[in-house]
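Peer 1: Protein chains in written order, with numbering that gives the first Met the number 0: chain A, 0 to 83; chain B, 0 to 132; chain C, 0 to 251.
Please keep in mind that the hints were generated in silico from the structure rather than gathered at the bench.
Please note that the accuracy of each hint is not assured.
[As the list claims (entries may be wrong)] Result set (EDC-like, lysine to aspartate or glutamate): computed pairs, CA atoms no more than 16 Å apart in a straight line:
#  : chain 1 : residue 1 : chain 2 : residue 2
1  : C       : Lys95     : C       : Glu240
2  : A       : Lys30     : A       : Glu81
3  : B       : Lys26     : A       : Glu2
4  : A       : Lys30     : A       : Glu78
5  : C       : Lys245    : C       : Glu93
6  : C       : Lys1      : C       : Asp165
7  : C       : Lys242    : C       : Glu98
8  : C       : Lys35     : C       : Asp165
9  : C       : Lys161    : C       : Glu240
10 : C       : Lys28     : A       : Glu2
11 : C       : Lys95     : C       : Glu160
12 : A       : Lys76     : C       : Asp165
13 : B       : Lys59     : B       : Asp116
14 : C       : Lys88     : C       : Glu98
15 : C       : Lys161    : C       : Glu98
16 : B       : Lys32     : A       : Glu2
17 : A       : Lys76     : A       : Glu2
18 : B       : Lys26     : A       : Glu81
19 : C       : Lys1      : A       : Glu2
20 : B       : Lys26     : B       : Glu119
21 : C       : Lys39     : B       : Asp116
22 : A       : Lys76     : B       : Asp116
23 : C       : Lys88     : C       : Asp165
24 : C       : Lys245    : C       : Asp45
25 : C       : Lys95     : C       : Asp165
26 : A       : Lys76     : A       : Glu25
27 : C       : Lys161    : C       : Glu241
28 : A       : Lys76     : C       : Glu241
29 : C       : Lys242    : C       : Asp65
30 : B       : Lys32     : A       : Glu81
31 : C       : Lys245    : C       : Glu92
32 : B       : Lys26     : A       : Asp27
33 : A       : Lys26     : B       : Glu68
34 : C       : Lys242    : C       : Asp45
35 : B       : Lys32     : A       : Glu25
36 : B       : Lys59     : A       : Glu25
37 : B       : Lys32     : B       : Asp116
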Amino acid sequence: MIELHLTILAITALIGLTFSYLAITEKDLLKAVAYSAVQAIAYAIIFYLLMAPDIVLAYVAIAVGIYSALLVFIIGKTERYEVV
Amino acid sequence: MISLLWSVTIVSLIVTLIISVYGIAAKPNLVKKLIALTIFGDTANVLVVLLGYRVIYPVKPPILPVWKESALQSFLNTAVDPLPQALVLTAVVIGMAVNILIAFAIIQIYRIYGTLDVREAGRFLPNLLRRGE
Amino acid sequence: MKRLIGLIIILTITLGVAYYVSQNLTPQKSLHPLGKFYLKNSYFGDYSAKSPEAVTSIVWDYRGLDTLFETAVFFIAIIGSLTLFRLSKEQSEEAKQGEPKRELPEPVCAVTKIIVAMILAVSASIALHGQLTPGGGFQGGSALAVAPLLIIAAYSKYALEKNGLDKTRAIIIRSIGLLGIALTALTPLLVKGYFMQNQPIFPGKALGAPLGGSLVYYNLFEYLAVGAGFTAVFLLLSIPEEKFRKFLGVKQ
């Protein structure tokens with residue numbers, strides 16, 4: 000039974016890795032914010048599996064709600080595309 | 000099998016740390032740097048919580064389910080360590096407040112220099128100083 | 000395409016290194032002695048915080064000073080953000096001028112109203128039950144900050160200001176929260192206790208409801224401080240950029 004727990008944990012960690020890679024290599028910053036939000040959801044699942052319900056409650060509101068809104072506000076006030 | 004799954008979790012988190020350090024250092028755009036910095040902080044928080052986890056079954060959150068002295072021993076046998084969780088809990092919220100400060104600074108930089116690219120902003124600065132602005 | 004190749008390389012390296020590391024890695028099965036102390040003492044024991052929630056009792060009792068200074072960092076970060084976007088009196092009056100827009104269809108606005116009411120209720124419940132169930136001031140406050148964001152997204156910031164929640168009031172609520180935390184921390188000094196002491200100065204139970212001593216007060220005030228602090232910042236952030244350009248005299 001612990002194997003099931005750890006399998007979900009490992010898969011969500013790999014999903015977090017994948018989406019952070021996509022977020023960092025993306026040129027369109029709005030898409031990068033969306034990828035970063037998916038990574039935040041994966042981390043919220045990791046916190047839940049690590050038996051930290053307190054952190055889940057704070058992290059979901061912060062990382063999926065406030066942080067995405069903050070970045071959308073910044074991008075709206077500045078530029079959308081990254082020039083390399 | 001258990002140690003393989005456990006090491007996949009730890010190694011992928013460490014690789015995420017390395018990728019986000021690359022993002023902070025190598026990407027020229029300030030908003031992209033902020034995104035990478037947030038990913039870095041979140042991953043560090045997950046690693047801290049991992050320190051308190053116990054690879055046993057059943058495993059329970061550190062909240063006393065029954066308020067009786069007799070239930071304490073089984074609680075101690077199954078609960079995870081609460082200390083890393085308490086430290087990470089404040090770090091998540093305070094990290095967000097610091098991110099907001101960085102975001103306001105980025106907006107102000109864009110208003111002054113008209114660009115988010117650190118290379119161009121670095122080129123503008125000496126000219127602005129020479130003209131005494 | 001190039002990104003996908005990079006991703007596949009990174010995933011392969013990760014799995015390979017993980018396989019190599021797993022050969023001599025023993026996952027941790029036991030509890031640290033310090034963690035055991037907190038779990039044992041949070042409700043029973045000689046050093047009790049009278050709360051079955053070990054995390055909240057560490058946050059506001061055993062490691063209370065740590066959290067107090069974290070709150071100071073929060074205070075300074077929000078003050079810094081407000082200072083960077085500082086407006087004079089006339090400018091902040093002008094920033095309030097504007098009409099609430101109604102671009103979204105009617106059902107969306109109705110649903111937003113219901114969801115905002117639900118968020119307010121749920122966040123208060125999270126914050127005030129923090130000593131019994133998962134939750135507390137930080138979690139409830141960050142959930143509370145989502146409600147003004149939803150209103151800003153569905154209507155606009157002018158709707159929020161017309162209903163009485165402007166930047167000044169948000170800052171006042173935040174100051175009340177921070178002042179409450181400071182006063183609760185100083186209260187034990189009146190009865191010859193030490194700074195931020197919890198038991199036995201604060202009552203562990205009132206009217207049959209377990210309060211966890213001072214934890215419930217700290218949670219309530221931190222809830223106000225965090226929620227109102229984020230609200231003030233977002234009210235400033237949602238001022239349109241054209242108005243700021245006008246204030247600063249920037250042409251571009």
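Peer 1: Determine for every hint whether it applies to the structure shown.
Peer 2: Evaluated hints:
{"no.": "1", "hint": "C:Lys95 <-> C:Glu240", "in the structure": "holds, 13 Å"}
{"no.": "2", "hint": "A:Lys30 <-> A:Glu81", "in the structure": "holds, 11 Å"}
{"no.": "3", "hint": "B:Lys26 <-> A:Glu2", "in the structure": "violated, 39 Å"}
{"no.": "4", "hint": "A:Lys30 <-> A:Glu78", "in the structure": "holds, 13 Å"}
{"no.": "5", "hint": "C:Lys245 <-> C:Glu93", "in the structure": "holds, 11 Å"}
{"no.": "6", "hint": "C:Lys1 <-> C:Asp165", "in the structure": "violated, 48 Å"}
{"no.": "7", "hint": "C:Lys242 <-> C:Glu98", "in the structure": "holds, 14 Å"}
{"no.": "8", "hint": "C:Lys35 <-> C:Asp165", "in the structure": "violated, 46 Å"}
{"no.": "9", "hint": "C:Lys161 <-> C:Glu240", "in the structure": "violated, 20 Å"}
{"no.": "10", "hint": "C:Lys28 <-> A:Glu2", "in the structure": "holds, 14 Å"}
{"no.": "11", "hint": "C:Lys95 <-> C:Glu160", "in the structure": "holds, 7 Å"}
{"no.": "12", "hint": "A:Lys76 <-> C:Asp165", "in the structure": "violated, 21 Å"}
{"no.": "13", "hint": "B:Lys59 <-> B:Asp116", "in the structure": "violated, 47 Å"}
{"no.": "14", "hint": "C:Lys88 <-> C:Glu98", "in the structure": "violated, 20 Å"}
{"no.": "15", "hint": "C:Lys161 <-> C:Glu98", "in the structure": "holds, 10 Å"}
{"no.": "16", "hint": "B:Lys32 <-> A:Glu2", "in the structure": "violated, 37 Å"}
{"no.": "17", "hint": "A:Lys76 <-> A:Glu2", "in the structure": "violated, 47 Å"}
{"no.": "18", "hint": "B:Lys26 <-> A:Glu81", "in the structure": "holds, 9 Å"}
{"no.": "19", "hint": "C:Lys1 <-> A:Glu2", "in the structure": "violated, 35 Å"}
{"no.": "20", "hint": "B:Lys26 <-> B:Glu119", "in the structure": "holds, 13 Å"}
{"no.": "21", "hint": "C:Lys39 <-> B:Asp116", "in the structure": "violated, 53 Å"}
{"no.": "22", "hint": "A:Lys76 <-> B:Asp116", "in the structure": "holds, 15 Å"}
{"no.": "23", "hint": "C:Lys88 <-> C:Asp165", "in the structure": "holds, 13 Å"}
{"no.": "24", "hint": "C:Lys245 <-> C:Asp45", "in the structure": "violated, 63 Å"}
{"no.": "25", "hint": "C:Lys95 <-> C:Asp165", "in the structure": "holds, 9 Å"}
{"no.": "26", "hint": "A:Lys76 <-> A:Glu25", "in the structure": "violated, 19 Å"}
{"no.": "27", "hint": "C:Lys161 <-> C:Glu241", "in the structure": "violated, 21 Å"}
{"no.": "28", "hint": "A:Lys76 <-> C:Glu241", "in the structure": "holds, 9 Å"}
{"no.": "29", "hint": "C:Lys242 <-> C:Asp65", "in the structure": "violated, 40 Å"}
{"no.": "30", "hint": "B:Lys32 <-> A:Glu81", "in the structure": "holds, 11 Å"}
{"no.": "31", "hint": "C:Lys245 <-> C:Glu92", "in the structure": "holds, 14 Å"}
{"no.": "32", "hint": "B:Lys26 <-> A:Asp27", "in the structure": "holds, 13 Å"}
{"no.": "33", "hint": "A:Lys26 <-> B:Glu68", "in the structure": "violated, 58 Å"}
{"no.": "34", "hint": "C:Lys242 <-> C:Asp45", "in the structure": "violated, 60 Å"}
{"no.": "35", "hint": "B:Lys32 <-> A:Glu25", "in the structure": "holds, 12 Å"}
{"no.": "36", "hint": "B:Lys59 <-> A:Glu25", "in the structure": "violated, 39 Å"}
{"no.": "37", "hint": "B:Lys32 <-> B:Asp116", "in the structure": "holds, 10 Å"}
Figure legend: structure checked against the earlier numbered hints; hints not met, in rising order: 3, 6, 8, 9, 12, 13, 14, 16, 17, 19, 21, 24, 26, 27, 29, 33, 34, 36.
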